[in-house]
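Enquirer: Here's the letter readout for the chains.
2 protein chains.
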Amino acid sequence: MSPGVNAPKDEIENGTVFAPQFDTNGLIPCITTSANNGDVLMFAFMNEEALQKTIETGEAWYWSRSRSELWHKGATSGMVQKVIEMKTDCDQDCLWISVEIAGTEAACHTGYQSCFYRSIPVGNKAAKDTILSFNKTEKVFDPKEIYKD
Amino acid sequence: MSPGVNAPKDEIENGTVFAPQFDTNGLIPCITTSANNGDVLMFAFMNEEALQKTIETGEAWYWSRSRSELWHKGATSGMVQKVIEMKTDCDQDCLWISVEIAGTEAACHTGYQSCFYRSIPVGNKAAKDTILSFNKTEKVFDPKEIYKD
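Residue numbers (the numbering used here), protein chains in the order written: chain A, 328 to 476; chain B, 328 to 476.
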C-alpha cells in the first residue's frame, strides 16, 4: 500500500490508488459500523499490519494502543468481525468498515452491543457538569464471563 | 466538562459524568453520521472549545487540523450540521454525532455527500497496489462554485 502514501492531494482525493495516510504514530483511525442496523459499534486504530490483515482475511484487525499489540477483534470473546464493506475517506486518513459479528453481535468490552451506549444532551447553554444518559438499557453479554479477568 | 477527565476507569465507562478524554494535542475524534440514512458522512476532530460550542449551539463545530482553527462546519458552504443526537463511547475518547444538514445535504468538501465515496476490496491475498472503487457516482455540488478557491 505504500507507493501512494506521498501522492499529490488531487490523486489522494480523486484517484483510485489506495494510499492510507498513517499518523505520526503509524496509525489510522477506523470507524466500525453494524452491517445489520448501521449503528456505529466502535472506534479504534489500525497500524499497517492490522490494515493488511484486515484486507487479506476479511476480518477486522486493529492495533491496541493500551496493550501495544496487534488485536484480532473477537479472538478472545469469539465475536469476530466479518468485514462486509471497507471504505476510505477523501483524504485517506480514516477508514470505515461495515461488519457482521458472530455470536451475540456485541463489539464493546463492557458487554454492550455498541461502545456508544451513552448520550450527551445538546442545546444547553452551559456545557459544564454535563450528565450522560444511557441509551442502551441492557448488556448483551457479561464481560466477566467472557474475559475471565 | 473538566471535572471528570481524570475520573477512574470504572466511572468513565459506567458513570454518567461526561469526561471527554482529549488526546495529547487536546483533540477528540468525532464520527459524523446522517440522521437521514445513517451513513458515515465524515470524520474530524474537536478541541474543547469546538465541543462546547457544539453542545451549546446544537450545531457541529470542529477543530481544523490543516488550518489550525475553530471550524463551524457549513459556515462557508451553508451546509450547517444540526446535531440530532450526540454520544460518547465506553472510554470517552471518541464522539459520535448524528446530524441533519441544510441544503444539498453534503458533508464533504469534494462535493460528495459523504467523505467515504471509495471502497477498498477485502479478502484479497495481496494488499499491495490496492485499487479503490467509487461507490458514489455523482457529486451533489460543485466545490469550485461553493468555495470559490
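FYI, nobody ran anything at the bench for these hints, they're computed from the structure.
Keep in mind the model is a prediction, meaning the values are calculated, not measured.
Among the clues, some could well be false.
No distinction is drawn between identical chains; accordingly, a pair holds when it is met within one copy or between any pair of copies.
Stated by the list, open to error - BS3-like cross-link-like pairs, simulated, lysine-lysine; straight-line CA separation at most 27 Å: (1) LYS471 - LYS409; (2) LYS466 - LYS380; (3) LYS336 - LYS409; (4) LYS466 - LYS336.
Enquirer: None of the hints should be skipped; say for each whether it holds.
Expert: A quick look at each hint next to the structure:
For a Cα distance limit of 27 Å, the shortest separation of LYS471 from LYS409 inside one copy, 24 Å, qualifies, whereas the shortest one across copies, 39 Å, does not. Taking the shortest alpha-carbon separations for LYS466 and LYS380, neither the intra-copy value of 30 Å nor the inter-copy value of 32 Å comes in at or below 27 Å. Within a single copy, LYS336 and LYS409 get their C-alpha atoms no closer than 31 Å, and across copies no closer than 29 Å, so neither meets the 27 Å cut-off. For the identical chains of this complex, LYS466 and LYS336 are inter-copy neighbours only, at 18 Å across copies versus 44 Å inside a copy, given an alpha-carbon limit of 27 Å.
The structure does not agree with the numbered hints 2 and 3 stated previously, though it agrees with the rest.
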